[in-house]
Every structure is written in C-alpha cells, then in structure tokens.
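> Single-letter residue listing:
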Amino acid sequence: DQQVKQNSPSLSVQEGRISILNCDYTNSMFDYFLWYKKYPAEGPTFLISISSIKDKNEDGRFTVFLNKSAKHLSLHIVPSQPGDSAVYFCAAGLAGGTSYGKLTFGQGTILTVHP
Amino acid sequence: EAQVTQNPRYLITVTGKKLTVTCSQNMNHEYMSWYRQDPGLGLRQIYYSMNVEVTDKGDVPEGYKVSRKEKRNFPLILESPSPNQTSLYFCASSFYSGVKVGQFFGPGTRLTVL
Numbered sequence: 001d002q003q004v005k006q007n008s009p010s011l012s013v014q015e016g017r018i019s020i021l022n023c024d025y026t027n028s029m030f031d032y033f034l035w036y037k038k039y040p041a042e043g044p045t046f047l048i049s050i051s052s053i054k055d056k057n058e059d060g061r062f063t064v065f066l067n068k069s070a071k072h073l074s075l076h077i078v079p080s081q082p083g084d085s086a087v088y089f090c091a092a093g094l095a096g097g098t099s100y101g102k103l104t105f106g107q108g109t110i111l112t113v114h115p
Numbered sequence: 001e002a003q004v005t006q007n008p009r010y011l012i013t014v015t016g017k018k019l020t021v022t023c024s025q026n027m028n029h030e031y032m033s034w035y036r037q038d039p040g041l042g043l044r045q046i047y048y049s050m051n052v053e054v055t056d057k058g059d060v061p062e063g064y065k066v067s068r069k070e071k072r073n074f075p076l077i078l079e080s081p082s083p084n085q086t087s088l089y090f091c092a093s094s095f096y097s098g099v100k101v102g103q104f105f106g107p108g109t110r111l112t113v114l
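Going down the list, the protein sequences come from chains A and B.
Using our numbering, the first residue of the first sequence is number 1, and each one after it goes up by one.
Using our numbering, the first residue of the second sequence is number 1, and each one after it goes up by one.
No lab work stands behind these hints: they were computed from the structure.
Glycine included, C-beta positions come from ideal geometry on N, C-alpha and C.
Be aware that one or more of the hints could be misleading.
[To be verified] 27 Å max Cα-Cα, derived DSS-like pairs, lysine-lysine:
{"id": "1", "chain 1": "A", "residue 1": "K56", "chain 2": "A", "residue 2": "K38"}
{"id": "2", "chain 1": "B", "residue 1": "K100", "chain 2": "A", "residue 2": "K68"}
{"id": "3", "chain 1": "B", "residue 1": "K18", "chain 2": "B", "residue 2": "K100"}
{"id": "4", "chain 1": "B", "residue 1": "K57", "chain 2": "A", "residue 2": "K71"}
{"id": "5", "chain 1": "A", "residue 1": "K5", "chain 2": "B", "residue 2": "K18"}
{"id": "6", "chain 1": "A", "residue 1": "K54", "chain 2": "A", "residue 2": "K5"}
[Stated by the list, open to error] Per label pair, the in silico range of CB-to-CB distance:
{"id": "7", "chain 1": "B", "residue 1": "L11", "chain 2": "A", "residue 2": "P40", "range": "17 to 23 Å"}
{"id": "8", "chain 1": "A", "residue 1": "D55", "chain 2": "B", "residue 2": "V52", "range": "34 to 40 Å"}
{"id": "9", "chain 1": "A", "residue 1": "A41", "chain 2": "B", "residue 2": "D59", "range": "21 to 27 Å"}
{"id": "10", "chain 1": "A", "residue 1": "P79", "chain 2": "B", "residue 2": "V52", "range": "28 to 34 Å"}
{"id": "11", "chain 1": "B", "residue 1": "E70", "chain 2": "A", "residue 2": "S69", "range": "42 to 48 Å"}
{"id": "12", "chain 1": "B", "residue 1": "G63", "chain 2": "A", "residue 2": "H76", "range": "35 to 41 Å"}
{"id": "13", "chain 1": "B", "residue 1": "T13", "chain 2": "A", "residue 2": "P115", "range": "25 to 31 Å"}
{"id": "14", "chain 1": "A", "residue 1": "E58", "chain 2": "B", "residue 2": "T20", "range": "40 to 46 Å"}
[Said to hold, decoys possible] Just a sample of chain B residues kept apart from chain A, beta carbon distances all over 12 Å, derived:
{"id": "15", "residue": "Q6"}
{"id": "16", "residue": "L41"}
{"id": "17", "residue": "K57"}
{"id": "18", "residue": "Y64"}
{"id": "19", "residue": "K65"}
{"id": "20", "residue": "N84"}
{"id": "21", "residue": "S94"}
{"id": "22", "residue": "T112"}
{"id": "23", "residue": "V113"}
Work out the full structure: start from the sequences and follow the hints.
This is the structure in structure tokens:
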C-alpha cells in the first residue's frame, strides 16, 4: 500500500521558469510533510517542511502548498536553476508519542532544468 | 559542522557474514532512522529511534537489527546478510519542534551481498 505517491517520474523545465513537483497521499492522519532533494552519490538534502495545520510554507525560492481536502501537496521552485536538477522526494509523517520519526516517502521525481 | 556520518561508504560482503554499518550525528537530535533506497521504490524506512534505548520498526525491518545506546550513535546490524539486502542505505537524524520539523541524511552506504 503506497501511502505517499509521486505520480510523475520526471519533469523537465527551462531555466528561469517555475518547477512544480506534486505528491499525493492517502492517509489523512499525516501531521507533517517534507521535501528533499537528492543528487547522485549523496544523501537526500532536506529542503522544506509543512505542518498539516498550514496550507503554505515558503523558504526562498521554494514554496510548499498543502491541500488537505485533496490529500495533495506540491513544491514550487521559482525561478528554476540548472543546479536544481536532481531527484525530489516528498515524505509524510505522524506526530506525537512513538510516531515521531516514522516517515513514509514517495518514489521520487527526477527534475531536469535546461539552461 | 552539523552532520550525519556513516561508515563504511562502500561494502561488499558474502551471504551470512555479519556486518555493522555505523551512524553518528553531532546535532543532539533525539530521532534517528535507517532507510534503504532501491530503484523504483524510493526510500523505505527500516528502523527508527525516538531516543536512547527506544527503537521501533519501520516499513521493512526484516533481516535488520538496531541499537541506540547513546544519543549520537545508531548502528544498523545485519546478522546474516542475504543478496536481497543489496541496496543503498541512508542514516538520518531528525528534530521535531511544534510545527517545525527537519531531517538530515548521511552520505549513504552502498552494500553488495554476494
């Protein structure tokens, strides 16, 4: 049962344009969501997170939007840069008690930003 | 520098030979986790730990053991490795503070079991 899904295996955008990466989930109990970027031969790099009580969180060029009714979140990168080319993972987790620390990841989306 | 370190980075071993992958973090985080990454499957959590001496199973714990005797260290133990445990392994440490949450990964350990 894939509770967190990234249905687009890849995305290609032009430098300077907006990149929109999508993630869907099935468990309405998730309390927080995270986005990561991963380059080959490196560990994932934490980008941005959002609590389920919010619908938007911004950090520089990165904005995450959460639509709880649709069980959907998206990561917007504006403007996109060639150095953003990487695999992007979304993840979801539960808060409270012993649930903290248990994360479920999507399969990842390969973003390619063309100069 | 805040970081998560893993050793070894690369390991080739044979079926049944016990091995340990070490993980250490210097950020004083309470939460630590182990993941494996396989093609087409993304990252799957093996075990996680909420604090010293407190661990719990993730999504794919079979064939693995962990221990958390100190806050900074969270070793992954394969008592009898099998070829289906050939994978890329990541250790991570996390913080949770109200609505703020973050997780930091180590560089990865590529394990091949022959």
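> Are the hints correct? Go through all of them and say.
Hint by hint, here is what the structure shows:
no.: 1; hint: K56/A with K38/A; result: holds, 23 Å
no.: 2; hint: K100/B with K68/A; result: holds, 18 Å
no.: 3; hint: K18/B with K100/B; result: violated, 38 Å
no.: 4; hint: K57/B with K71/A; result: holds, 26 Å
no.: 5; hint: K5/A with K18/B; result: violated, 34 Å
no.: 6; hint: K54/A with K5/A; result: holds, 20 Å
no.: 7; hint: L11/B with P40/A: 17 to 23 Å; result: holds, 19 Å
no.: 8; hint: D55/A with V52/B: 34 to 40 Å; result: holds, 36 Å
no.: 9; hint: A41/A with D59/B: 21 to 27 Å; result: holds, 24 Å
no.: 10; hint: P79/A with V52/B: 28 to 34 Å; result: violated, 44 Å
no.: 11; hint: E70/B with S69/A: 42 to 48 Å; result: holds, 44 Å
no.: 12; hint: G63/B with H76/A: 35 to 41 Å; result: holds, 39 Å
no.: 13; hint: T13/B with P115/A: 25 to 31 Å; result: violated, 42 Å
no.: 14; hint: E58/A with T20/B: 40 to 46 Å; result: holds, 41 Å
no.: 15; hint: Q6; result: violated, 8 Å
no.: 16; hint: L41; result: violated, 7 Å
no.: 17; hint: K57; result: violated, 9 Å
no.: 18; hint: Y64; result: holds, 15 Å
no.: 19; hint: K65; result: holds, 17 Å
no.: 20; hint: N84; result: holds, 19 Å
no.: 21; hint: S94; result: violated, 6 Å
no.: 22; hint: T112; result: holds, 15 Å
no.: 23; hint: V113; result: holds, 20 Å
In summary, the numbered hints that this structure violates are 3, 5, 10, 13, 15, 16, 17, 21.
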